[in-house]
Amino acid sequence: MRIFSYIGESLKLAIEALRSYKMRSILTTLGIVIGVTTVIAIVALIQGLNKSFANQISAIGTTTLYVQKFPWVMNDRQFFTYRNRPNIRVSDAEQLKEMSKLAVAVAPTLATRQTIKYKDRTLESVIVFGSTADYMETSNVVPEFGRFLTETDVKHRRSLCVIGSEVADKLFPDSDPLGQRILVGGRRYKVIGIAEKKGSMFGQNLDQMIIIPVGVFQTAFGARWRSVDIEVKVATPEMLEDAEIELTGIMRRIRGLKSNEEENFAINKQSQLMETYKSLTGTLWAVAIGVGAISLLVGGIGIMNILLVSVTERTREIGIRKALGARRSDIMVQFLIESLVICAIGVTIGVALAIGLAKLIASTTPLPASITAWVAFLGLVFVVTIGLFFGIYPARKAARLNPIEALRYE
Amino acid sequence: MLIELHDIEKIYEIGTVQVPALKGINITVNKNEYVAIMGPSGSGKSTLMNIVGCLDTPSDGIYMLNDNNVSDMSDDELAEIRNREIGFVFQTFNLLPRASALHNVELPLIYNGTPAAKRRKQAEEALERVGLADRMHHKPNELSGGQRQRVAIARALVNSPSIILADEPTGNLDSRTGEEIMEIFEDLHDSGNTIILVTHEEYIAEHSDRIIRLRDGMVERDEAVMERSA
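In order, the protein sequence lines correspond to chains A and B. Going by the numbering used here, the first residue of the first sequence is number 1, and it counts up by one from there. Going by the numbering used here, the first residue of the second sequence is number 1001, and it counts up by one from there.
Since the hints were made in silico from the structure, they are not lab data. Since this is a predicted model, take the numbers as computed values, not measurements. Virtual Cβ for every residue (Gly too), placed ideally from N, Cα, C. Among the hints, a few may not be true.
PhoX-like cross-link-like pairs, simulated, lysine-lysine; straight-line CA separation at most 25 Å [unchecked claim]:
hint	chain 1	residue 1	chain 2	residue 2
1	A	K12	B	K1139
2	A	K22	B	K1139
3	A	K12	B	K1118
4	A	K12	B	K1121
5	A	K170	A	K190
Interface residues of chain A toward chain B, partial, derived using beta-carbon atoms under 8 Å [said to hold, decoys possible]:
hint	residue
6	Y6
7	R321
8	G325
9	A326
10	R327
11	R328
So these bits of chain B aren't anywhere near chain A, every CB distance computed over 12 Å [as the list claims (entries may be wrong)]:
hint	residue
12	T1016
13	K1023
14	S1059
15	S1144
16	Q1147
17	S1175
18	E1183
19	I1184
20	R1210
21	E1223
22	M1226
Construct all of the structure, not just a fragment, from the sequences and the given hints.
What follows is the structure in structure tokens.
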């Protein structure tokens, strides 16, 4: 009971002290505000970016492996070495499909950018994929209208195409594309299907594309110098690892590699990108959080400084309180509460500002920033840690004052 | 016996030099006594006052207050004793400048955990007793010197302590106001309080029943006051 009446008194005192020295309190609080805002805004930004990155790469399936000439992540030197690797051919994909037990779909894929036309409308920089019927599964392209390419279409090299929703919208704003013929690189292709909307990945519109049979692609845009990407889909994400081993073995056999020879192809998957992203951004975040932490530290030192001043100014008051029966712990609590109150105000404002800042960033830039409920918890942690850590020294100093000397203090 | 001081010594160490302030003080004070402690500066009366008020502990000797040996208590134990047994009235009032009269009087009750409502009631009663019922919500700087000292007396009273310890309570007041304050002390004495008054003014000391004169850290004389000057 005693402690409650005393905490009440301390709270009153702390607020009174803050009121009597407004400017000083504002400046001290500002230190904490800046620190907390920085830390929380940075953390929100990190979370937002991570979420956004995960979203971005979600278009790359978690059950798909990509057998390619180049790995997705490499440096310049590696590029110049890997450039000499033999290209991957469509026939490699066919063999691989035959030999693999884990693959449920195997699609050799080629891609290029072309301008496509329909009547007087043109659409530039459309990605043209050349692939097989399996592409529907490996890249998860679902025809919303019409149908996808079949094995027969591919085998007979029919001039057919499945178009992305963006192509459909832009070339056929007010007519049905199905059955129409679009012009790509001097050839006409009949539209047999329109794919579902997929969104974008790394600023690339995944709906501004068309898919044609791989054989047709090779005839139209050249084959010899192009290396094929083989997309391989497995049944579940858990099988990815086994499949990678299996595919490596098969590819080595197809390419006739001896056991002491290095692989001259790469097997890529989504998790590689995530890992690379993390390793690239990890240091950056550590630095950013470090900066935030330093500003919090500075804010904390500000609190300590002001409390020390306050202890000196109120030496006599402390003496009076001790004469009237205040114990060391009572005086200690008084100053700790003052410290906590400053922190609480600072953290509250800081969190509010950080939320505002995150919203501002999210609405004015493409960078997403998400603040969630845990921020309130983080704020509480800040209040208690900073308040106690930087309050303890001044509070102890006050508590240990000799009452006689304190009473005499002018 | 309320206060028993046995061979109280106090030695201050200033650097390597030992300065004796009290050299074996023996005093006993009974309940409801009104005692004045006098002496020139340097006689040790402040030191004695601090020890009696449990703000300090003696270097040697035994101090029994209400049958408790307070000579070697810890800081916190002394704080509790001060809160329960002693009401201080200082020369410089020592009120909290930003707190109202009422809040100042409530302070000792805050430290013994009296619930808020009861605290307020007791503080109001104490202020009424010193004639400040209409000044409860004023801050010290809105009160006259005499009124401030009354607030301090109310604060000393509020906890019904065993001793009221007044250190030059009229030192900062004009003589008329000083007399008014002394009248309050007399009333308190008449209603059963024990009062110890430290002063260097003979006419103030004569309000008491007994004067203890100190010189060079020792009791020079300890005698009853025969007749009241008033």
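key: Enumerated hints in conflict with the structure, sorted upward   = none
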